[in-house]
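> Got chain A sorted already, so can you dock chains B and C onto it with the hints?
Read off the chains here:
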Amino acid sequence: MKLSEIANRLGCRLDGDGNVEIVRVASLESAQPGDLSFLTSAKYRRLLAGTRASAVIVGSSEPAAVVPSAILRSDHPYVTLALALRLLAPSAAPPRGVDRLSAIAADAAIGPDASVGPFVAVGAGASIGARAVIYPSVVIGPRARIGDDCVLHAGVSVRDGVVIGHRVTILDGAVIGSDGFGFARQPDGSHLKIPQHADVIIEDDVEIGANTTIDRPAVGETRVAKGTKVDNLVHIAHGVTVGRRVLLAAQVGIAGSTTVEDDVMMGGQVGVGGHLTVAKGTVAGGQSGITRSTDAGSYISGYPAIDNLTWRKAQVIFRRLPELKNRIEELEQRIDELEEKLTACSQPDRS
Amino acid sequence: MKLSEIANRLGCRLDGDGNVEIVRVASLESAQPGDLSFLTSAKYRRLLAGTRASAVIVGSSEPAAVVPSAILRSDHPYVTLALALRLLAPSAAPPRGVDRLSAIAADAAIGPDASVGPFVAVGAGASIGARAVIYPSVVIGPRARIGDDCVLHAGVSVRDGVVIGHRVTILDGAVIGSDGFGFARQPDGSHLKIPQHADVIIEDDVEIGANTTIDRPAVGETRVAKGTKVDNLVHIAHGVTVGRRVLLAAQVGIAGSTTVEDDVMMGGQVGVGGHLTVAKGTVAGGQSGITRSTDAGSYISGYPAIDNLTWRKAQVIFRRLPELKNRIEELEQRIDELEEKLTACSQPDRS
Amino acid sequence: MKLSEIANRLGCRLDGDGNVEIVRVASLESAQPGDLSFLTSAKYRRLLAGTRASAVIVGSSEPAAVVPSAILRSDHPYVTLALALRLLAPSAAPPRGVDRLSAIAADAAIGPDASVGPFVAVGAGASIGARAVIYPSVVIGPRARIGDDCVLHAGVSVRDGVVIGHRVTILDGAVIGSDGFGFARQPDGSHLKIPQHADVIIEDDVEIGANTTIDRPAVGETRVAKGTKVDNLVHIAHGVTVGRRVLLAAQVGIAGSTTVEDDVMMGGQVGVGGHLTVAKGTVAGGQSGITRSTDAGSYISGYPAIDNLTWRKAQVIFRRLPELKNRIEELEQRIDELEEKLTACSQPDRS
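Chains A, B and C, in that order, give the protein sequences.
Here the working numbering is used: the first residue of the first sequence is 42, the next is one more, and so on.
Here the working numbering is used: the first residue of the second sequence is 42, the next is one more, and so on.
Here the working numbering is used: the first residue of the third sequence is 42, the next is one more, and so on.
Here chain A stands alone, though its shape is the one from the complex (with noise of 0.2 Å):
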């Protein structure tokens, strides 16, 4: 596609030769000549000046004296990314139409348009939406219904009666609506299963990463709302309501009843207790550990997770914990021998 092109259906503003033929996206320091590549953080602005790409993607202000190649300019040139490698991704939607070696119940609903791949079980009453990819190997329990336009990867477990809302991803292995994990402690000590069979609801324009497990609960249902973003190996637990527009990084878990609202951030391997509220805006640091409901807007980090800023002041300081010891002892030390000798000093009869 001419670069002219791109930067017509991109909306930006072009500086330099529009003729390019542009065939690929890639990183300023691995493009060739025929690609568009992009500065999207301050901290490659270095690489600028050497890329070998025939078109950069930059901010509106970046000045042009450093990029030896045309310029795309955008106000958003993360999003511009986002959409340049829409225009030029390869399409690789598998054949519309329902594979002879699915098995479909008798009374589910496919849309139109759909893809149904090989080794696909659809159960009693569910429904799969228009234009739907479904991939080989996925199982979807009775009564289930996914929206149009989802994207199921293989292996995908959606389990009975889960309600799946339009544009959502799953990806691979991901797991939605297994039981919560209940278990009332009976006299003789030993565990009787709570039933899990509510509801679990994911709404449009949702991602769930690889291998990611949503539980659904006894009684109510867990939600994750419009927009949100689950990486993959995340654990969703019965009960839970994840607001919209939530990011959660790859191996988070969150505890049962627990609600995050809108916009919350969590960074890798976060955990978060049962029956709390992370406000929303709130942004956990990678790895840490959410014991009681958070203010809204808050950043925080560490386990129990505080405030970022107090834990980073804490954090820096416990590495010298050995000093700070040794002063404290040397300080003892110290005083022991100011008060022997004030006794002296405040007794000169003695001396």
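A hint or two may mislead.
[Claimed, not checked] Restricting the straight-line Cα-Cα distance to at most 20 Å, the calculated cross-link-like pairs of lysine to any residue (SDA-like) are:
hint, chain 1, residue 1, chain 2, residue 2
1, B, K354, C, E371
2, A, K234, B, E244
3, C, K382, B, E378
4, A, K382, B, K382
5, A, K84, C, E380
6, B, K43, B, R54
7, A, K267, A, A225
8, C, K321, B, Q227
9, B, K382, C, I347
10, C, K366, B, E373
11, A, K354, B, K382
Please keep in mind that the hints were generated in silico from the structure rather than gathered at the bench.
Structure of chains B and C alone, referenced to chain A:
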């Protein structure tokens, strides 16, 4: 089902109108007329007065005054809740029999009234017990043995020779009997795989969560004992023994050859080192890291995990480390001054 | 197999009766007559005298006196153990050929003597090498390339275009080439997916654990280099490079664009931030959180990960923080008193 019949079947004392027809179990907040609700945690007592439920399960000594509905009294309300859910849960068992789109080895044994879904593979010499339910895309290796009344959800992999007891539930995507992570470093620095072909035994009444992995060892066995419940995304390494009635929350990881004794409880994301013994009844807080064997009945937290009370007191002070450091510096300054003055004081001839 | 033949094949020195027939490898404690056992850790030396094994693999300099059986001496007893297990392991390879219940694209290439189980889907243009073993329910995307002698266990998903070398083992449920977690925040706060279509390369002799996920990037590549071993439930994000002979224990998570150099070892549940370099030979203790690039050969622990020795000394004092705080308070009180006295002392006219 009539409330009076529910009371009768659950062995509860009924206060109020037993003729009301109950259709569902719901939380105090969301319950509607026709619903049975429950109070199993004092935290939610304030919701009792406002509930619209037709009946509420409460403890034996709960005052009647505050409940505006019929009451089911129980000495163990949480157990009663579990039983009520079982009574009212929709029966969702798939049809009996072996799906024609499965691949069952000629000499595999399928028990009476078992259900084997489409795309299930069962290897040579394997056996599946009576009334077992095997959901689609489950793979059962050669010579594996699955007991009676087991439920294996979609995509579970049970490797060759693994032995699974009766009434075991394995949630979607779990892997039982994968190769332990064992390699011998060779003189050239490369890693030689130590073949992992020994036994994995899952005893009766165990539940294993979605996408959990349980490895097999090179020699000896990996064992999960009777009545233990394992949540999602848990890793149990080769040669680990997990005792009876243990609860492992999501994302726990247990390294090789460790023994977890009966009645242990681990919070989410706990990590346990290899070749340790986590003694009977140990409780480990979420995200704790167990680096040495524990005493029976201990309650531990932190990394490395230490006595919970010690840890709690220490972590409160952790965040005040900058202040403590400042106080030490101030002390040092004051003592410098004191020493100076005292030198002056004790050498009056100089002044 | 006769012990003398085992000794011969493994290149070990044999002390004792070589005529005994060996049927199995077992631990010192559980071994029975007919078993070959091993001493690969000094920790278990006390068990030598009591073993019932017919032969024991020991180090070259182990004193013979304490072993009541035949002895196989080796300079590398752990490597010898691995080789002995290979020699005595049951061969469990599934039959060669392509199962009739698979779905192989017309133009996919299946190498000679490969085994492809039931319910395996292989996409257009994909290739599978000679003698590869593909277990049931594996999904291989279009244009993916699997090398010779690979083993892909049940339920593995290899996405389109992924390149996998020779002698690679991928355990059950692992996902190779899932979409990286990359989104551009739009002016309205919503997240626009950055398409992730670039390369994933798994080099020769790699092992990847059960339910592990390895993501593909938007541009560039994700690479796991020759001889590296990855345990279960590990997350390797988009654009990560993992060097040669690296060992990643279970539940490790590595964020995007990070480089892990050769010979690194990470304990279980370690987390690594994005855009970092974990330098050659770094060893990271379990649960540590790596927040900045490391020096080659460093041994680090804690969160944030610091030098292991510094961390060990500091964490010992962490638990004594309440005591240290008390000692500071006591010092403050004593110095208050001293200052008071000294004021008195230095103003003798007042007294």
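> Give a verdict on every hint.
Tested hints:
A hinted pair counts as satisfied when its Cα atoms are at most 20 Å apart, and K354/B with E371/C qualifies at roughly 18 Å. Pair hint K234/A plus E244/B holds up; C-alpha atoms about 16 Å apart against a cutoff of 20 Å. About 14 Å separates the Cα atoms of K382/C and E378/B, which keeps this hinted pair within 20 Å; it holds. Proximity of K382/A to K382/B is assessed by CA-CA distance (about 12 Å); at most 20 Å being required, the pair is judged to hold.
The suggested pairing of K84/A with E380/C is violated, with an alpha-carbon distance near 54 Å, which exceeds 20 Å. In summary, the hint linking K43/B to R54/B is supported, as the alpha carbons are separated by about 14 Å, within the 20 Å threshold. Using a Cα cut-off of 20 Å, the hinted pair K267/A and A225/A is violated, with the two alpha carbons roughly 33 Å apart. For the given pair, K321/C sits about 18 Å from Q227/B by alpha-carbon distance, which is consistent with the 20 Å threshold.
Between K382/B and I347/C the CA atoms are separated by roughly 42 Å; this puts the pair beyond 20 Å, and the hint is violated. This hinted pair checks out: K366/C and E373/B have alpha carbons roughly 15 Å apart, not beyond 20 Å. Between K354/A and K382/B the alpha-carbon distance is near 34 Å, which puts this suggested pair outside the 20 Å criterion.
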